[in-house]
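Construct all of the structure, not just a fragment, from the sequences and the given hints.
Each chain is listed here by its residues.
Number of protein chains: 2
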Amino acid sequence: MFDSGSIAVPTLLINETVCRSNIEFMQGKADKSGVQLIPHFKTHQSAVVGSWFRDAGTKAITVSSLSMATFFAGHGWDDITVAFPANIRESDTIKALAASVRLRIFILSAETAAHLANVLTHPVEYYIEIDTGYHRTGVPYDDHMLIGSVIRAASESGMLKFAGFYTHDGNTYDVRGRDAIMNIHRGTREKLEALRAKYAPAHPGLRISMGDTPGCSVAGDFAGLDEIRPGNYVYYDVTQTLIGSCNYDQIGTVLAAPIVARHEERLELVIYGGGVHLSKDSVTINGKTIYGLPVDLLKNGWSAPAEGCYIRKLSQEHGILKVTRAVFDRYKVGDVIGILPVHSCMTMDLMRFNGSIMIVT
Amino acid sequence: MFDSGSIAVPTLLINETVCRSNIEFMQGKADKSGVQLIPHFKTHQSAVVGSWFRDAGTKAITVSSLSMATFFAGHGWDDITVAFPANIRESDTIKALAASVRLRIFILSAETAAHLANVLTHPVEYYIEIDTGYHRTGVPYDDHMLIGSVIRAASESGMLKFAGFYTHDGNTYDVRGRDAIMNIHRGTREKLEALRAKYAPAHPGLRISMGDTPGCSVAGDFAGLDEIRPGNYVYYDVTQTLIGSCNYDQIGTVLAAPIVARHEERLELVIYGGGVHLSKDSVTINGKTIYGLPVDLLKNGWSAPAEGCYIRKLSQEHGILKVTRAVFDRYKVGDVIGILPVHSCMTMDLMRFNGSIMIVT
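Sequence order for the protein chains is A and B. Count along the first sequence from 1, then add 1457; that gives the number in this note's numbering. Count along the second sequence from 1, then add 1457; that gives the number in this note's numbering.
These aren't lab readings, by the way, just hints derived from the structure by calculation. Any given hint could turn out to be false.
Dumping the calculated BS3-like pairs for lysine-lysine here, alpha-carbon to alpha-carbon at most 25 angstroms [unchecked claim]: (1) Lys1770(B) / Lys1745(A); (2) Lys1552(B) / Lys1516(B); (3) Lys1789(B) / Lys1756(B); (4) Lys1756(B) / Lys1789(A); (5) Lys1789(B) / Lys1770(A); (6) Lys1770(A) / Lys1770(B); (7) Lys1552(A) / Lys1789(B); (8) Lys1745(B) / Lys1745(A).
Rough simulated footprint, nothing fancy, chain A against chain B, three-plus residues with beta-carbon under 8 angstroms [said to hold, decoys possible]: (9) 1459-1468; (10) 1534-1543; (11) 1723-1729; (12) 1783-1791; (13) 1798-1807.
What follows is a set of in silico ranges between Cβ atoms, one per label pair, in the way DEER data are often shown [said to hold, decoys possible]: (14) Gly1744(B) / Arg1723(A): 29 to 35 angstroms; (15) Asn1757(B) / Glu1647(A): 37 to 43 angstroms; (16) Gly1462(A) / Asp1460(B): 32 to 38 angstroms.
Even glycine gets a Cβ: it sits at the ideal position worked out from N, Cα and C.
Here you go:
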């Protein structure tokens, strides 16, 4: 039950029912395929939402920074992968974490491996991040010279254990529809399987691991993989619906924003909800750049997005919401409207500090 | 003096010398024109940076939310304007602030005026926000029926005092060069002057007030205005240099980011510094979307941006920095590079929580 009467400032509503359903759906698919789901917690950065994963059986988690790792270690998580190129300037933090939890990191260069091999005092498992075509970062999947040099440099220390290969298949974010996502997903899986086949004889037990929400959402199974590490699926967002990862009713979070002005000549509502709440992430729909989609807030959740309405611009605190005549007439100054975020990870990161968070069921 | 040896995570460097010079330059121009500078503190949201303004003579400040107003009231500021359409859902916060500081707010509708007139218990001054063509929000400058209805509704209470007209001349952000900025700036000033001439006889002492950094930076004087409220000029940023508001050596803040990977085949450096540090705000330079420009960090500041280099993409924590061969060869994994932000207000908002802040001189 949700009563908008208590909303005074931009407030991120988190729908526990929807989120738990998203968590259980992915866990069920992973269990059926016999792969370990190691969910990415960068999406929510929340001890409470983390506890919903624990309820669903999650034992190990993924994060994108050592500060998040430290935060979740403080909330009882003891098997944490930092899915970001190891930063040798944070060696002290790596050492401190490794002393208290099972820590897994990513290493992409022989220099980093050599540095860590030299300073670590507790065991750390490492994955070599692989670039299968997204070109954000990672070792090219066919660069065996570089892979070999990382493994050799790491093996100089008894503290670094080779855990396997990981890739973030970000190319799935650039396509639309299940078939296109699966084409990319299958190609990436095959490259990882080939790497495992090549390196497993010398490194028994090494694992292959993938991370993107679109691929993990639409794949029927995860046969052949050892681990999956999606994160966004707990909330989903407008971007994921456009890609084809989910439907609108699977989106687990919405920004409740007070309406502070109406401009009838432009059919625009001005909301208290700007770039410091939603983030400046945008998507293109029908040739228009949009920063969020409005929904009506209901007692037990929220409606589907209103057809033909969208956030057209964000300032620091203002959101400019383009609406139809019908929506314009329905809302007055002082009402609260919901905004589905374009990118829930970024919105959540901001809303931890700028505004309020409310869990609804 | 600055030693990059202490940088482990993304760290926002604030150059006190440059910022104080920016603060004093604008104060000097305002003093010469006999207008009151009421700087916008949303850019820095910092008690320390605020104290530099106090040193330069600032007595009254502008903010963009009641929570910022509450923050700065707690740091001894007692004349605060909230430059955002008054949100009637926050009436209790407005009342609490009005009880302790000189509070000025923006009212854009008769409904909001009537609501506040009904609930206020301490005096509040209000400006009518005017839309002179930017179309973000505000009463159209020629809509005298609406202006009249706001004034009438507000006058039902002895607590609301009509202070004048304000406009944010955001159109100056869409042009390039001094002449284009000044064309817009002059047109807006004339519209405000006409409003003052029309309403001053019935409301003696009402003031006209403008807010944008581009216009206030390039205008030689502020003759005719009563107040200016720019904010970004304390730091400036890449966007302001492109508009023509400043030179690169006037930029007062830079993100110091550790390099965590190098990709020679693409001449790209991967930095620990992503959308949760810089924000996803972007600008277009030579047809390319960019999210920041790299500089070398020096003992007493930083260099000019490296020609032909730019952040091409941001993930949550990753920044992908496209560089020239020369820059690529100069940096190794574990080094720290500086990134000039596209939009310093958004970067500052994020860096209050995600990473560190360091003041350098």
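Tested hints:
1. Lys1770(B) / Lys1745(A): Roughly 21 angstroms between the alpha carbons, so the hint for Lys1770(B) and Lys1745(A) holds.
2. Lys1552(B) / Lys1516(B): The hint holds at about 22 angstroms.
3. Lys1789(B) / Lys1756(B): With Cα atoms ~19 angstroms apart, Lys1789(B) and Lys1756(B) stay inside 25 angstroms; holds.
4. Lys1756(B) / Lys1789(A): violated (55 angstroms)
5. Lys1789(B) / Lys1770(A): violated (39 angstroms)
6. Lys1770(A) / Lys1770(B): Roughly 21 angstroms between the alpha carbons, so the hint for Lys1770(A) and Lys1770(B) holds.
7. Lys1552(A) / Lys1789(B): Holds, because 22 angstroms separates the two Cα atoms, which is no more than 25 angstroms.
8. Lys1745(B) / Lys1745(A): Distance ~19 angstroms between Lys1745(B) and Lys1745(A) Cα, so the pair holds.
9. 1459-1468: With 3 residues close enough to chain A, the hint holds.
10. 1534-1543: Satisfied; 3 residues make the cut.
11. 1723-1729: holds (count 3)
12. 1783-1791: holds (count 3)
13. 1798-1807: Holds: 4 residues of the segment 1798-1807 of chain B have a Cβ under 8 angstroms from chain A.
14. Gly1744(B) / Arg1723(A): 29 to 35 angstroms: holds (30 angstroms)
15. Asn1757(B) / Glu1647(A): 37 to 43 angstroms: violated (53 angstroms)
16. Gly1462(A) / Asp1460(B): 32 to 38 angstroms: violated (53 angstroms)
Consistency note: the structure conflicts with the earlier hints numbered 4, 5, 15, 16.
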